[in-house]
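Protein chains in written order, with the numbering used here: chain A, 1 to 313; chain B, 314 to 611.
Incorrect hints may appear among the rest.
To list a few chain B residues with every Cβ distance to chain A over 10 angstroms, as calculated [claimed, not checked]:
id, residue
1, Met314
2, Glu315
3, Thr369
4, Asp376
5, Pro404
6, Glu428
7, Leu432
8, Val467
9, Glu489
10, Asn494
11, Arg496
12, Arg507
13, Thr531
14, Pro581
15, Ala587
16, Leu604
Residues on chain A that point at chain B, a partial pick, calculated with CB under 8 angstroms [to be verified]:
id, residue
17, Gly22
18, Phe281
19, Val286
Read the hints as simulated data drawn from the structure, not as lab findings.
Glycine included, C-beta positions come from ideal geometry on N, C-alpha and C.
The primary structure of each chain is shown beneath.
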Amino acid sequence: MIRTFIWIAAIIAASAIAFVLGGYATDVYRKMLIWIALALSYNFLFGTAGQVAFSHFAFAGVGAYGVVILSTKLGLPFGIAFIGAMALCALIAFIVAVPSTRLEGFYLALATLAFAQLFTVLINEGGDLTGGTGGIAGYSLPSIFGLQLRGPWYTVVLVLLVAGTLLLLNRLDNSSFGRACRAIRENPAVAAAMGINVRRTKVITFTLTSTLAGLAGIAYAYTDNVINPPVFGLENVFLLLFMIIVGGMGRPLGAVVGAILLYLAPFFLEPIVGHGYLVIFGILVVLAILYQPAGLAGLIDRGLGLLRPRSQS
Amino acid sequence: MEDFLELTVSATASGCIYALMALSYLIVLRPTSIINFAIGEWAATGAFVGVGVLTTLLWPRLDAPYPVAVAIVLVVLGLLGWAVERLTVRPLVKRGAPVTSPILALLGVLVIFRETLTLLFGADPFPSPPPLGYRRLEIGPFAGAPQQFFIIAVTLTIFAGVWYFFERTVWGRAFEAVAINRRAAALMGINLGRVTALAFAAGAAVAGMAGLLISPLTSAHYMMGLPLAIQGFTALVIGGVGRVEGALLGGLILAFAEQLGARYLPIPSGLTLAFPFSLLILFLLLRPTGLIAPREVR
């Protein structure tokens with residue numbers, strides 16, 4: 001009961017911020033929410049299930065390009081374009097997952113990296129359909145059931161996207177499915193011996209999280225009303241990976257903290273060190289892996305542990 | 314026909330560069346099971362160090378002779394590889410961290426190297442002087458830039474050296490033993506830490522040479538690393554991770570597929586960029602062990 005209240009209060013608070021922010025701050029806030037949504041689903045795939053995949057932004061791109069192409073180039077109603085884009089994400093993710101989850105360890109990373117690069121080449125060379133290197137611009141979110149979502153109300157949609165992703169993945173995390181994912185991450189052979197269907201669990205995880213990435217991509221498509229290839233390339237995947245490592249692998253809290261920190265840090269660091277903030281990110285990642293594998297989430301736990309009275313131990 | 318022969322020279326030269334990158338992966342991967350994505354940036358570092366020594370980029374009026382540049386690239390990159398292993402990989406291996414941990418740490422190293430190069434040299438490309446000049450060179454029916462022939466010759470020398478090392482020296486046998494069974498090798502008295510350190514140093518030196526060799530054709534610039542890293546592991550997957558010859562074969566197959574496809578297939582030139590990735594996916598799915606299977610464990 002109290003949990004539900006906290007959830008509702010948090011969603012209302014996060015939405016209320018949208019109504020007091022100015023133009024530039026709104027833009028920053030919206031992108032941050034999308035980064036958090038992507039970090040949450042990537043955390044489940046990479047942190048909880050242990051699949052090192054480089055395709056997360058490619059699937060965000062499939063969602064974004066899918067919905068825009070279906071609705072503006074093919075003229076489908078938004079609802080159908082939305083469902084179509086999600087279905088396309090799920091389908092492609094499934095097709096990628098079935099053969100590539102069979103691959104051991106870093107071979108999955110190579111296969112998904114090849115897929116991600118292939119996607120970038122295709123949207124760059126897609127001619128009129130994808131708009132080539134310039135991407136697609138000059139479209140906007142149509143009204144849904146007579147409702148025109150714009151301004152702060154669109155930011156509220158993004159808050160709900162983050163909340164929905166978090167709720168779904170939390171529930172999954174605490175279910176037998178989440179435990180199966182962790183068991184596979186720790187030792188696939190032992191997990192299989194315990195009666196877990198390793199292949200099926202891996203394919204479901206990959207398909208589900210990649211579709212969630214597609215959903216975030218769709219949300220991104222209507223924040224700037226512009227989509228172009230570089231956004232969905234490798235650079236952002238690295239950043240996403242770094243967010244999870246610095247935040248704390250396998251912890252939703254870590255994904256949120258990592259995404260907020262690494263997304264906002266350049267705004268403060270760039271005036272001081274210029275482009276050098278990326279060197280700082282690289283050093284942070286190496287230090288996190290070496291000395292703080294539980295990431296910032298682990299530090300937060302330790303901080304809270306110090307505050308709590310030591311009654312049980 | 315003449316066109317085709319010229320294409321052969323250029324494809325062989327590119328294939329040699331891919332093969333060197335694949336070899337750099339392989340040297341580290343065999344004894345450690347670590348795939349080191351940072352080698353692309355090490356190639357870029359090699360190119361910048363080489364250009365720095367050959368021209369007046371780092372030091373006024375330095376422009377040292379080419380063999381000096383080669384020696385400095387090998388030493389500097391070897392030391393860098395050794396230092397990276399000491400600082401990031403060894404603590405993780407000692408702690409018994411999962412094998413993904415060093416791979417992820419090396420991704421951090423990748424970003425550190427690339428952004429440091431950007432900070433030091435800016436985003437502009439630096440031209441690199443070719444050691445044999447610019448004149449067109451003809452050897453029998455084959456014609457091309459002297460640098461292309463130079464790349465082929467140096468690559469074959471490096472491969473011969475590495476092959477000799479793995480097949481004929483005690484140290485090479487130690488590498489193989491560690492690759493086959495770490496624990497058994499350690500029990501036989503092989504120093505695992507030293508093998509790992511040597512693997513990183515040698516891998517970095519080979520990657521640095523690849524960067525130095527390709528720099529006269531592409532010039533040295535901060536974005537050259539990632540494509541080389543990707544082409545390298547594509548070549549590695551095609552050839553197979555088990556054997557030195559596989560890296561060479563994989564590199565050549567990749568380069569020929571790329572260049573013949575771009576030249577003779579009726580598709581838009583941009584789409585030929587998709588070639589290596591399609592090839593990589595195909596091989597991962599159909600033949601994940603690569604073309605040359607690892608030697609049977611006796």
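Now for the hints, and whether the structure bears them out:
Residue placement check: Met314 of chain B keeps its beta carbon more than 10 angstroms from all beta carbons of chain A (closest about 31 angstroms). The non-interface label for Glu315 of chain B is consistent with chain A: the shortest C-beta to C-beta separation is roughly 30 angstroms, beyond 10 angstroms. No Cβ of chain A comes within 10 angstroms of the Cβ of Thr369 of chain B; the nearest lies about 25 angstroms off, and the non-interface call holds. For Asp376 of chain B, the non-interface assignment is confirmed: its Cβ lies about 29 angstroms from the closest Cβ of chain A, beyond the 10 angstroms cut-off.
With a least CB separation of 6 angstroms from chain A, Pro404 of chain B falls inside the 10 angstroms interface cut-off, contrary to its annotation. The non-interface label for Glu428 of chain B is inconsistent with chain A: the shortest C-beta to C-beta separation is roughly 4 angstroms, within 10 angstroms. Non-interface call for Leu432 of chain B relative to chain A: violated, since the shortest CB-CB distance, roughly 6 angstroms, does not exceed 10 angstroms. With a cut of 10 angstroms on Cβ distances, Val467 of chain B stays outside the contact zone with chain A, its closest approach being about 27 angstroms.
Taking the minimum C-beta to C-beta distance to chain A, about 21 angstroms, the non-interface status of Glu489 of chain B holds against the 10 angstroms cut. Listed as a non-interface residue, Asn494 of chain B keeps its Cβ farther than 10 angstroms from every Cβ of chain A; the least gap is roughly 18 angstroms. Once the 10 angstroms rule is applied to beta carbons, Arg496 of chain B is consistent with being away from chain A; the minimum gap is 18 angstroms. In this structure Arg507 of chain B is separated from chain A by more than 10 angstroms, as the shortest Cβ-Cβ distance comes to about 21 angstroms.
Listed as a non-interface residue, Thr531 of chain B keeps its Cβ farther than 10 angstroms from every Cβ of chain A; the least gap is roughly 19 angstroms. Some Cβ of chain A comes within 10 angstroms of the Cβ of Pro581 of chain B; the nearest lies about 6 angstroms off, and the non-interface call is violated. Listed as outside the interface, Ala587 of chain B is inconsistent with that label: its C-beta sits roughly 4 angstroms from the nearest C-beta of chain A, within the 10 angstroms cut-off. At roughly 16 angstroms, the least C-beta separation between Leu604 of chain B and chain A is larger than 10 angstroms, which holds for a residue marked as non-interface.
Taking 8 angstroms as the C-beta cut-off, the interface hint given for Gly22 of chain A is violated, the closest approach to chain B being about 32 angstroms. Hint status for Phe281 of chain A: holds, given a least beta-carbon distance of 6 angstroms to chain B, under 8 angstroms. Taking 8 angstroms as the C-beta cut-off, the interface hint given for Val286 of chain A holds, the closest approach to chain B being about 4 angstroms.
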